[in-house]
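There are 2 protein chains.
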Amino acid sequence: MTPLERLGARRAQLGSPLCLGIDPHPDQLPVGVTADVAGIERFARGIIEAAAEHATAVKINVAFFEAFGADGARALARVRGDVPRDLICILDAKRGDIGSTAERYATALLGELDADAVTLSPYLGEDALAPFLAFDDRLLYVLVRTSNPSASRIQDLDVDGQPLYRIVGRWLSDTWTDGRVGLVVGATATSELEALRTDLPEPAFLVPGVGAQGGDLVAATRACDGRRAPGLVTVSRAIAGASRADDWAAAAATAAEALRRRMADAVLPSG
Amino acid sequence: MTPLERLGARRAQLGSPLCLGIDPHPDQLPVGVTADVAGIERFARGIIEAAAEHATAVKINVAFFEAFGADGARALARVRGDVPRDLICILDAKRGDIGSTAERYATALLGELDADAVTLSPYLGEDALAPFLAFDDRLLYVLVRTSNPSASRIQDLDVDGQPLYRIVGRWLSDTWTDGRVGLVVGATATSELEALRTDLPEPAFLVPGVGAQGGDLVAATRACDGRRAPGLVTVSRAIAGASRADDWAAAAATAAEALRRRMADAVLPSG
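Residue numbers (the numbering used here), protein chains in the order written: chain A, 1 to 271; chain B, 1001 to 1271.
With the rest of the complex left out, here is chain A (with noise of 0.2 Å):
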């Protein structure tokens, strides 16, 4: 099965579009977990063992990784090796590079780390995104509109009557039509998300940003139902960071399986 087939599979069995975010902070563990390389891959480990059931996908944030050099690379590996081969495991890095450069990043991340599905930036145009297509079952998802205060900044210029991010999306929905191009749309830019929902019916969304951010989970929900590939909603502080006591694995188990049926309950029935 490729990987969009996986996402179709098990979006299906769980009925919800949760995606588990792996963004380990050293200022952020619990209580006895050590705030260094070792530490961080203990609760990422723990986070997917106790919560992954739960989900549909997985996204593990690079960034949390890269901080500690050589061993955060192979941190990074064993935790991506323990997400369960039913759910797709989604590289969050973001890269945003051409040509030789992009091959790189692509064998890094889809290559040697075996990742489904990588984050990607569009400012450089269709030049950074085909070494990744290149791959030619995995998933990319490009930032579209995110949900971070100064995404206004460039993302919402006006380019002929239209903000940019419509411009981008438009460009990313037309181009790639087999449903191995998302578009990732922040959870608290929710009038943009229901422009972009309306706008372009086909693509999916990776829709960060719900639960500590802020954004509207029913909203984020239904604007993944019905596309062209089943959308996920990416949730991470509310499930890791659920509890900062000893019990931090129960507990993040158990918000995750609350937000799945709350999330489940969002779909509306044609979803």
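For the record, the hints were derived by calculation from the structure and aren't laboratory data.
Since we're looking at a predicted model, the values are computed, not measured.
All C-beta atoms, glycine included, are put in the ideal place defined by N, C-alpha and C.
Treat the hints with care, since some could be wrong.
[Claimed, not checked] Per the computed footprint, the stretches of chain B lying under chain A, defined by three or more beta-carbons under 8 Å from a beta-carbon of chain A, are:
(1) 1060-1067
(2) 1094-1102
(3) 1119-1129
(4) 1163-1175
[Said to hold, decoys possible] Label-pair restraints from in silico Cβ distances:
(5) A:202 - B:1084: 52 to 58 Å
(6) A:28 - B:1114: 24 to 30 Å
(7) A:261 - B:1078: 48 to 54 Å
(8) B:1247 - A:177: 49 to 55 Å
(9) B:1156 - A:78: 42 to 48 Å
(10) A:261 - B:1170: 46 to 52 Å
(11) A:28 - B:1049: 39 to 45 Å
(12) B:1156 - A:245: 49 to 55 Å
(13) B:1170 - A:77: 38 to 44 Å
(14) A:245 - B:1137: 38 to 44 Å
(15) A:247 - B:1199: 56 to 62 Å
(16) B:1032 - A:250: 55 to 61 Å
(17) A:178 - B:1084: 46 to 52 Å
(18) A:250 - B:1149: 49 to 55 Å
Given chain A, work out where chain B should sit, using these hints.
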């Protein structure tokens, strides 16, 4: 001395903006250098040893090391350590993320690897720059107009009668006026480089694309002159690939010296 002061001193000493680019692809190594991480490291260190004396800065592309996982991370640290202290070391990473993720990338690149400068993507706005600016003496080079064929896809979109890249360049130039934020503008985008040079007389430029990519050396060199901070013209393959035979180090030194002289000759009298 801060990185900006070291850059200024070195630029004055050599009279040229030559930046030595280190992008070692395993398929492009000289005979006798193995196509593995050991070969990549040996080649990168050999090129720096041979050619750095003719360069004002060294730009290391991190993707070529990331492709080798933990071994690559260790090699990158050693290569970075080989850059002589009077040259600034730019880590070309083009990161573009926010919040704690961007803080972790800054920790990796400016903290652990102790780079003097990094390259970054503008798509997420100032939030993506802030954690790097928090390292209060380092330099940031932000993508404005790149040199790849599909650069125009997003960067040339018309925003109120101006191409997007000029809006991005103006935002950076107007917002950070202390010389720490420069603009990446490809040498192959000759008319765009000239437009930015005229439009934005202050910010430093980092100009890749001279040499193998066909950019105009004289135009690139002149675009870097007489600005708030010294600009840099990056050359990679025309130095590192000067010979694929076993005289590669000597050939790189010769090529770098010739490029330094050609750039010094191209500098305007006021530069």
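| message | Does the beta carbon distance between residue 247 of chain A and residue 1199 of chain B stay inside 56 to 62 Å, or does it fall outside? | response | holds, 58 Å
Worksheet item: At the C-beta level, are residue 250 of chain A and residue 1149 of chain B separated by a distance inside 49 to 55 Å?
Response: holds, 52 Å
Q. So does residue 1170 of chain B sit 38 to 44 Å from residue 77 of chain A, Cβ to Cβ?
A. holds, 42 Å
Point to revise | Per-stretch coverage check for the region 1163-1175 of chain B, three Cβ contacts closer than 8 Å to chain A | key: holds (count 4)
- Item | Range hint 49 to 55 Å (beta carbons of residue 1247 of chain B and residue 177 of chain A) holds or violated | holds, 51 Å
#### Entry: Residues of the region 1060-1067 of chain B with Cβ under 8 Å from chain A, three needed, outcome
Since 5 is at least three, the answer is holds.
Margin query: Holds or violated: the 48 to 54 Å window for the beta-carbon distance between residue 261 of chain A and residue 1078 of chain B?
Written below: holds, 50 Å
Given the hint of 39 to 45 Å, check if residue 28 of chain A and residue 1049 of chain B actually sit that far apart at their C-beta atoms. Holds, since residue 28 of chain A and residue 1049 of chain B (Cβ atoms, about 42 Å apart) stay within the stated range.
Exercise for the section: Mind taking a look at whether chain A covers the region 1119-1129 of chain B? Criterion is 3 or more residues with CB to CB distance under 8 Å. Expected result: With 8 residues in contact (Cβ-Cβ under 8 Å with chain A), the coverage given for the region 1119-1129 of chain B holds.
Quiz item: Do the beta carbons of residue 245 of chain A and residue 1137 of chain B sit within 38 to 44 Å of each other?
Solution: holds, 40 Å
46 to 52 Å was suggested as the range; check whether the CB atoms of residue 261 of chain A and residue 1170 of chain B agree with it. holds, 49 Å
Fill in: Distance restraint evaluation - residue 1156 of chain B, residue 245 of chain A, Cβ atoms, bounds 49 to 55 Å
Holds: the Cβ-Cβ distance is about 53 Å, inside 49 to 55 Å.
Of the numbered hints given earlier, the model fails none.
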